[in-house]
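**Q** Sequence:
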Amino acid sequence: MSLEELKVLRKWLDDNLAKGFIRTSSLLAALPVLFAQKPGGGLYFCVDYRGLNAITIKNRYAMPLIQETLSQLSNAKYYTKLDIIAAFNTIRIKEGQEWLIPFNTHYGLFEILIMPFGLSNAPATFQARINNILRLYLDIFCTTYIDDILIYSNDLQSHCSYVYAVLQALREAGLHCNLKKCEFEVTEVVYLGMILSTSGVQMDPKKVKCIVDWQTPSKLKDVQAFLGFSNFYRQFIKSFSQIAKPLVALINKDAKFQWTDNCSQAFEYLKNSFIITPILKHYNLKKQTIIEADASDYLSSGILSQYDN
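Counting from 60, one number per residue, gives the positions in the sequence shown under the working numbering.
These are calculated hints, taken from the structure and not from any lab test. Predicted model only: the values in this text are computed from it and were never measured. Glycine included, C-beta positions come from ideal geometry on N, C-alpha and C. Among the hints, a few may not be true.
Taking CB as the label site, the calculated pair distances span [said to hold, decoys possible]:
{"no.": "1", "residue 1": "L358", "residue 2": "Q317", "range": "15 to 25 Å"}
{"no.": "2", "residue 1": "N163", "residue 2": "I335", "range": "14 to 24 Å"}
{"no.": "3", "residue 1": "D263", "residue 2": "L226", "range": "23 to 33 Å"}
{"no.": "4", "residue 1": "D356", "residue 2": "N163", "range": "51 to 61 Å"}
With a Cα cut of at most 25 Å, we get these calculated DMTMM-like pairs of lysine to aspartate or glutamate [claimed, not checked]:
{"no.": "5", "residue 1": "K97", "residue 2": "E64"}
{"no.": "6", "residue 1": "K97", "residue 2": "D263"}
{"no.": "7", "residue 1": "K346", "residue 2": "D207"}
{"no.": "8", "residue 1": "K239", "residue 2": "D367"}
{"no.": "9", "residue 1": "K297", "residue 2": "D263"}
{"no.": "10", "residue 1": "K136", "residue 2": "E231"}
{"no.": "11", "residue 1": "K239", "residue 2": "D272"}
{"no.": "12", "residue 1": "K136", "residue 2": "E157"}
{"no.": "13", "residue 1": "K97", "residue 2": "D207"}
{"no.": "14", "residue 1": "K140", "residue 2": "D281"}
{"no.": "15", "residue 1": "K346", "residue 2": "D320"}
{"no.": "16", "residue 1": "K297", "residue 2": "D313"}
{"no.": "17", "residue 1": "K266", "residue 2": "D356"}
{"no.": "18", "residue 1": "K345", "residue 2": "D207"}
{"no.": "19", "residue 1": "K346", "residue 2": "D356"}
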């Protein structure tokens, strides 16, 4: 380890020992640790759970679907966004099972007593908890996605009472919010990578910039990463499947990686399509709805549209 890594490691261990989040261990085997670079500089301390996650029976608790979440907000005019501090760390590892996630460091072996980031079942576990805490309010004036909570309403008076109810429920559950990441009573908010407002739904410019600045892929993993990232916003791009077809062909099983002119054209066309950043209107149950569908030998598609004055 470098001197910087040792410094980060010691501070992390001291802080978490003081909080009671970890304890020393006498086990004969443990998971390795590693460090990741922070976007703004510095290092993250991480435990490598890849081996453990590979043999973990997955928690099948249903995670919220983003499209279903957005459909609930069609009449909203005011938003409050809450962010839970160290959400995963608020859940205790079941007593007697701490030995399953020990880690080995330059300063000895340790066991984690709280649910850490990186475990494959951590998101679903916390989602189940937050849904239980806010069960009475979900899909009425509140929606959750792991540690991100969005409260919505079409009038300010109701909004204040909704925010109070949610904050009270979080307080009773012992959860705290990070005020620096919270927004109260706003008419436009960034949530789940989308900008929500009364006008509709837009792509987050910060996320779009990542796509526009993407370097030309040189290997299979690069293509997979680009498609995975851009696919998140596919609903904003007309004929996305058709445009991306040459790139998708590269990631098919047994396909040989060969970057062709068609791949370059598809890649650049997709990147340029994200620059337009259209606004998708909220679905309105009271307006006439038009459904258009089409299919070919390779794909099928559909468009849901409404007249807007």
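**Q** What hints, given by number in increasing order, does this structure fail?
**A** Result: hints 2, 7, 8, 10, 11, 12, 14, 15, 16, 17, 18, 19 break, sorted rising.
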